[in-house]
Amino acid sequence: MADLGSEVRTLLVELLRNKGDTATFSDDESLIFSGRLQSIDVVELLVQLETHFGIDFSEHGFDQSQLDSVRDILQLIAELRA
Amino acid sequence: MSLLAAFAVGLALLGNAGWWAIAAFLVLTTFLPRQRRVWLTLGSLSLLFFHTHWPKAAFIRDLAKREQASHFLLSPTFQILGALFMLGLLGIVAHLAGEFRKSFPLKRPLLTLALSYFLLVLTACYAPLSGSGRVVLWMVVVFLGSYFWYFGFTLLDRNSKDPDPYSLQLGTYYPVWALRASPTPFVKGAAYLRKIEAKNPEELAVTQLKGLKLLYWVLVLDILNALFTRFVFGPENASSSVVVNNLLRWTGWELPVHLSVPTLGTAMARNAAGAPFAWYVCWVALIASFLKSLLTASLFGHPIVASCRAAGFRALRNTYRPLESRTIAEFFNRYYFYFKEMLVEFFFYPTYLRYFKRHRRLRLMVASLAAATLGNMMYHFMRDIEYVVQLGLWKAVVGFRVYAFYTLVLGLGIAASQISDRRKSPHTAGWIRDRLWPSLGVGLFFCLLQVFDSTARTTPIRDHFLFLANLLPGWR
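For the record, the sequence lines run as chains A and B.
Residue numbering for the first sequence follows the working numbering, starting at 1 and increasing by one per position.
Residue numbering for the second sequence follows the working numbering, starting at 1001 and increasing by one per position.
I should point out that these hints are in silico values taken from the structure, not numbers from a laboratory.
There's no promise every hint is true.
If you anchor each label on the Cβ, the simulated ranges turn out as follows [stated by the list, open to error]:
#: 1; chain 1: B; residue 1: V1206; chain 2: A; residue 2: E7; range: 27 to 35 angstroms
#: 2; chain 1: A; residue 1: R81; chain 2: B; residue 2: E1203; range: 28 to 36 angstroms
#: 3; chain 1: A; residue 1: G35; chain 2: B; residue 2: A1456; range: 30 to 38 angstroms
#: 4; chain 1: A; residue 1: T24; chain 2: B; residue 2: R1401; range: 33 to 41 angstroms
Selected chain B positions facing chain A (in silico; Cβ < 10 angstroms) [unchecked claim]:
#: 5; residue: G1015
#: 6; residue: Y1147
#: 7; residue: F1153
#: 8; residue: S1160
#: 9; residue: K1161
#: 10; residue: A1191
#: 11; residue: Y1192
#: 12; residue: A1278
#: 13; residue: L1316
#: 14; residue: K1357
#: 15; residue: R1361
#: 16; residue: D1453
Note that this is a predicted model, so its numbers are computed, not measured.
C-beta atoms are modelled at their ideal positions from N, C-alpha and C, and glycine is treated no differently.
Make the full structure from the sequences, and use the hints.
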């Protein structure tokens, strides 16, 4: 879980850095609903999650609240892999 | 308590007729916060009982009169019971959509719901019905159209691990803070509310203070808007403001000068009548109307978000510094956040995730068009469904071409800006090149696009293009 967590965190750090946002964030910190990530960034995140973790979101569907923080994303991956 | 009192005063000063209802709701959510979501449901149902029994009441009344339908259809008893029946029906659909999520047609419930809605519109238009039967069918169409997007978020919530029960989802349908003002879900659905709800007294206090601060900022904007429109357009076309109106009435004072700039509507009407204003007057009218529309959007959304915050939910603003946007997509996001969020959730993501997976740019283009063009058109067509009864289905569809053109240009603009934005490296060339020029370009795009921002069905599109041409010096 720790490795998965750091992989997810790396994806998010990269995504934020591309937007010029270098501020740190905790695992529980909101990234979408706080406005740090926009819809188009969420799309980028979805693509990265599909590529890295083999998740097909077109099959499962999703809600933005499931991708709002590192912890939310980890929970979603665990649910979809179960 | 003093914070809530200050909030109620702020709402009253803004001329919000339902300030007392919101204030009563806020007292409950503040002092009994554990039941906050229950109060939300009860508040939403209370508005249905005491405020608006059925959506589009004036339209239904006119139709019933024309069809000589039974007066019972207009009675509060029928409409309240009918609304509860319809909400119960939607609850059954939500339950079935959760139970049978893997099987057709509930695998794609929103698509099924949209197709059912338009099938119902066709039936209402062409079924050999008259009198009360026809009115009831149109009442069902109006109800489904008005609740469509709210219910959509309930269906999305079935993807959550712990979705709220339907009884709590009801609180998100025309919630108290929006006072049944718009079919756009303010603020999104149950999943979002769970995420942004204050979890302890400290969070609640901070959220409420932010709500109060936003509300009093609206009051400042309200005064600025009234003075701006009075100065630019003149007293007869000025925006109404309780504070400014009362101040002027009590003091007998009036702005000594005003520019008497024509409104965009007046300038376009003159143009269509063959007596256009000079090109520079049209430009001033266009820019003034654009600035006014930005203020109007803030004045509409901020009190709703402020009330939502005062109830303990950390909602983002609906309009947030749109003039700072550097791309078309960013402006759309900053100008009307919750409308954009609705389109993104219901159209952009599903399209993006399902189609053209190997073609990234095409994927982005199609998803942007699905949201900003198709979704936008669908929302406004459903919102103004009375045109179908007034003009007939064919004329209502054909007459929609001006707004269809608007959404097409908007969709293409958003797609292009998103594609080009992904290629850029961030913040490289200084303030003027990085911020000023892009912001002016985006402002100009939306300023010009508002020429086509009309959902009326009777103006020919030619008039809109002629007005656009008249903005060029020496056109006539």
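Hints and how they fare:
For the hinted restraint 27 to 35 angstroms between V1206 (chain B) and E7 (chain A), the CB-CB distance of approximately 33 angstroms keeps it satisfied. The hint said 28 to 36 angstroms for the Cβ distance between R81 (chain A) and E1203 (chain B), and at roughly 32 angstroms that hint holds. Distance hint for G35 (chain A) and A1456 (chain B): a CB-CB separation of about 34 angstroms, consistent with the stated range 30 to 38 angstroms. Distance hint check: the CB atoms of T24 (chain A) and R1401 (chain B) are about 50 angstroms apart, inconsistent with the given range 33 to 41 angstroms.
The beta carbon of G1015 (chain B) comes no nearer than 29 angstroms to any beta carbon in chain A, farther than 10 angstroms, and the hint placing it at the interface is violated. This hint is violated: Y1147 (chain B) has a C-beta 19 angstroms from the nearest C-beta of chain A, more than the 10 angstroms allowed. Because the closest C-beta pair between F1153 (chain B) and chain A is about 9 angstroms apart, less than 10 angstroms, the hint holds. Because the beta carbon of S1160 (chain B) sits about 6 angstroms from the nearest beta carbon in chain A, less than 10 angstroms, this interface hint is met.
Hint on K1161 (chain B) holds. Least Cβ distance to chain A is approximately 6 angstroms, under the 10 angstroms limit. At its closest, the beta carbon of A1191 (chain B) sits 4 angstroms from a beta carbon of chain A; the interface hint therefore holds under the 10 angstroms criterion. Taking 10 angstroms as the C-beta cut-off, the interface hint given for Y1192 (chain B) holds, the closest approach to chain A being about 6 angstroms. Annotation: interface hint on A1278 (chain B) violated; nearest CB of chain A at approximately 41 angstroms, more than 10 angstroms.
Given the 10 angstroms rule on beta carbons, the hint for L1316 (chain B) holds: about 6 angstroms separates it from the nearest Cβ of chain A. Residue-level restraint check for K1357 (chain B) holds (minimum Cβ-Cβ distance to chain A is 8 angstroms; threshold 10 angstroms). Annotation: R1361 (chain B) was flagged as interfacial toward chain A, and the flag is violated, the nearest CB pair being 13 angstroms apart, outside 10 angstroms. Proximity of D1453 (chain B) to chain A is violated relative to the hint, the smallest CB-CB distance being about 22 angstroms (cut-off 10 angstroms).
Checked against the numbered hints given earlier, this structure breaks hints 4, 5, 6, 12, 15 and 16; the rest are met.
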